[in-house]
Amino acid sequence: MTIRTLRDYGQHYRPRMACLKNVEVFVVEMQDPKSGVKGADQKLNVTIIPHVINGQDILAWIVTKMKVTTEEAQAFGTMLVAYGYIYPLQNHRKLVLVPDSTLYRFQTPYFWPVQKWPAEDIDYAIYLARRNIRKKGMLEPYEQQHYDNLHKWMNPKWDFIVMQATEQYKANKERKKPDRVVLDCQERAYWIVHRPPRRTHSAMDYGLDRLIDPNAEEVLTFDVVRRTNIFLTQALMRSAVKSSMSLTAFVKFVTTHHNHDPFLTTPVPSNPWITDSDEFWQLNSRSVDIPTKLSVERWVLSFWELISDPRGRVDFKLFLKKEHSAENMAFYEAAEEMRWGAASAIPEKSQFIFNTFLKPGAPRWINIDGRTMGLTVKGLVVPHRYVLDAAQTHIFLLMKKDTFYRYLKSPVHKDMQKRALVPAPHVFTDAQLEANVRNRNPGVSPILQWQQEEEEKAAAAVAARPIDVKAMVATNKLDRK
Amino acid sequence: MNSPPHFICTPFSLMACQGLASGETLKSLKAESETLRKKLEEERKKLHDVELEKVAEKAEALGELNMKTRRTLKGHGNKVLCMDWCKDKRRIVSSSQDGKVIVWDAFTTNKEHAVTMPTTWVMACAYAPSGCAIACGGLDNKCSVYPLSLDKDENLAAKKKSVAMHTNYLSGCTFTNSDMQILTSSGDGTSALWDVESGQLLQSFHGHSADVLTLDLAPSETGNTFVSGGSDKKANVWDLRSGQNVQSFDTHDSDINCVKYYPSGDAFASASDDSTCRLFDLRADREVSIYSKDSIMFGAASVDFSLSGRLLFAGYNDYTINVWDVLKGTRVAILFGHENRVSSLRVSPDGTAFCSGSWDNTLRVRQEGRGVVRELKQGGTTPYLKNIFLFN
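Chains L and B are the protein sequences, given in the same order.
Just so we're aligned: 334 in full-length UniProt numbering is position 334 of the first sequence, and the numbers increase by one with no gaps anywhere.
Just so we're aligned: 377 in full-length UniProt numbering is position 377 of the second sequence, and the numbers increase by one with no gaps anywhere.
None of these hints come from the bench; they were simulated from the model.
Hints should not be assumed to be uniformly reliable.
[To be verified] Covered by chain L, per the in silico footprint, the following chain B stretches (three or more residues, Cβ under 8 Å):
1. 27-33
2. 82-96
3. 175-183
[Said to hold, decoys possible] Subject to a maximum C-alpha distance of 27 Å in a straight line, what follows is the list of computed DSS-like cross-link-like pairs (lysine-lysine):
4. L:242 x B:58
5. L:173 x L:136
6. B:89 x L:317
7. L:293 x B:89
8. B:87 x L:317
Glycine included, every Cβ here is placed at the ideal spot set by N, Cα and C.
Make a model of the complete structure from these sequences and hints.
Dropping the structure here:
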């Protein structure tokens, strides 16, 4: 129902219906008297309706023509009905293709869905008024509702509507009975598609209108063209990579991740969605003691994989602690926090980062080259969220190209590889599976987990703060008596 | 008369808006545009030395995939328009046409939270990376962030925060790497980056000539770009920091309904109303593959990759889901079950399942069925579950 509400958002344009063109070609072929679907005359009540086809024939024809399976053909057939190219004769509200002897007819091209012209409210009002004139009380409840609404909104035009309706009613009476019945069916089908009752899935119910007309030609003013030219010049300056190189990279990525993809390799111990046991998630969680072998293998693939996995990051940090170079990771994390954090926290964070990592003699001073350090410190005078980008990239590349490889050779990692679990795949009996369904673990709420992680982070931050010797002496903590 | 840019003018934008210089006409500019385009095409052609099918011959063939619906989430009273997974791999937020946004624990099929928005057609919803908040928006032109609480009786609408403010409907939203920033796309043709706490606009992205229908953030280590697709048939890649449009792809024949990055971040797939899904290579700056079939005539509404990037799941307007082999370009499986359009489709963060939301008011979670002795019956309300949360 396209009633224009008071808050008109300016969305008036129907989205492109790109499928209609191809579907129309298909439907025309379907109707071909020689090679199309065979129709017959059908007796309905007292009248004989010509060119009636049944669901089975339609399905068989689609299967042969498109060379698809029956299920696919049924889905396609249902779409033809949902768009209104074919309409059912009996159960006219359900717009699906039923592959048995249910009767359908082809809709006349006059009533085919068209992209350009929406089904107008005024036509609908005339239609409903005509049905009302023909026999009072023949309107269904949803139609009655529409009728009342239209009567309210189109009150000024109502005389015209009633006049049109009466004229059409009179013209209808002059027609022969079979023609009248067919026309009635066609019109009813049209309006069911374009003004669907509740619980009817009509394909013309496309959602919202668009703001900008998708079918209008883009107006090319001079500045639009200029912008395009600037964009193209920049694109030419940018270097692109050879197809062979980038495509091989895709294949490589797929091959290396093949074993980690649950759709391609059954996960061990079992996929939680299938067996209702969430052991898989528990074994791969952040706080687990010993990770699975698959996880460890994934960490080896690249530095990014290692730090994207929370458990991997924990392991890496452990290694860094042993190497006494934890400040790199800490700086990286602090810089990430600043970049993605709240705007109001930027001055405070930048101050903290400067004091902890960057100033000469800082407790966790990071080792970056002089030029980057100079740029960063200068930028920190007026901090913005991307001020640490240069330093962060430098540290990230350092960790990626140097520290990561040392990690892979380290005893921490090798030890982890040896200890990593290979969980046995679950074998559940039917009874156990049913028990699993009943006892599905609700798990920990992410909110609680987040709070836990925050507390851990705060504790780690306190622990990482340098010990102030003077303060400890002052409070007599170092005194041994 | 074009509207002036709302953001800080870069030198390029200023250059573009200046009046015609002497000797320049619209015709000369258009001619220049043509020559530049031809030159770019030539350059790109030189680098195009092999097709994806050829390179993919090395990859082993896929076995048969047998996917079944494992969970059906019923509870929405109207079309489900959008859904998103939580990082804990089991919770889902979904939004529908009647304004309801529901947070489910898809594993147990419990509804955990429900919010009724004061607007209909909530077309965008997103789960925060921490799992502590959700963002949603639609016809109200705003994106609102609702912090979730452990207290089941608390009225979530009380703590609602209005973050984004557009001049037309919100078509997509996503959190960046933290809870503090949101990226939104709108029907008014722009995308924007917002600071959640203050509601401040951090960066806006202009360049589409029609409604922007979808966006996706890059998963790469630099995390600096995102791609958006619009009703103008273009998919644009933007730099978050500068607001510039870095790459543009316009090979589709109709509106782009959904864009999703490849797991490595070097490519992205798009689903369009012209019934095709396409793969675009960002490094080679070209379209590399088209996923289409003569028997598929209806628009694709949503796409997502599996974890390894081998499979592409696409939901269509003909109520089906097609699964494509990304490398070989063939269709691996077709899934049925929904009774209306599949409006949104996402793979879970660890790739164990994917969820499809449809206009038939339900969401279905599906997974590979190899090695399972029997199929389990699931539903929205089993009598064995404790703690069923009832919401109106």
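Tell me if chain L covers the region 175-183 of chain B under the three-residue, 8 Å CB rule, please?
Three-residue rule met by the region 175-183 of chain B, so holds; n is 5.
| task | Take a quick look at whether residue 173 (chain L) and residue 136 (chain L) sit within 27 Å of each other, Cα to Cα. | result | holds (17 Å)
| field | Satisfaction of hint between residue 58 (chain B) and residue 242 (chain L), Cα-Cα up to 27 Å | value | holds (19 Å)
**Message:** Can you confirm whether the C-alpha distance between residue 293 (chain L) and residue 89 (chain B) stays at or below 27 Å?
**Reply:** Given that 27 Å is the threshold and the Cα spacing comes to 20 Å, the pair holds.
(Q) Taking beta carbons only, do three or more residues of the region 27-33 of chain B come closer than 8 Å to chain L? (A) holds (count 4)
**Report entry** Within 8 Å of chain L's CB atoms, at least three CB atoms from the region 82-96 of chain B: coverage verdict
**Finding:** holds (count 6)
Quickly compare the C-alpha distance for residue 87 (chain B) and residue 317 (chain L) to 27 Å and report which way the hint goes. holds (22 Å)
Exercise. Has the given pair, residue 89 (chain B) with residue 317 (chain L), been kept, meaning a C-alpha gap of at most 27 Å?
Worked result: holds (24 Å)
Hint compliance for this structure: no hint is broken.
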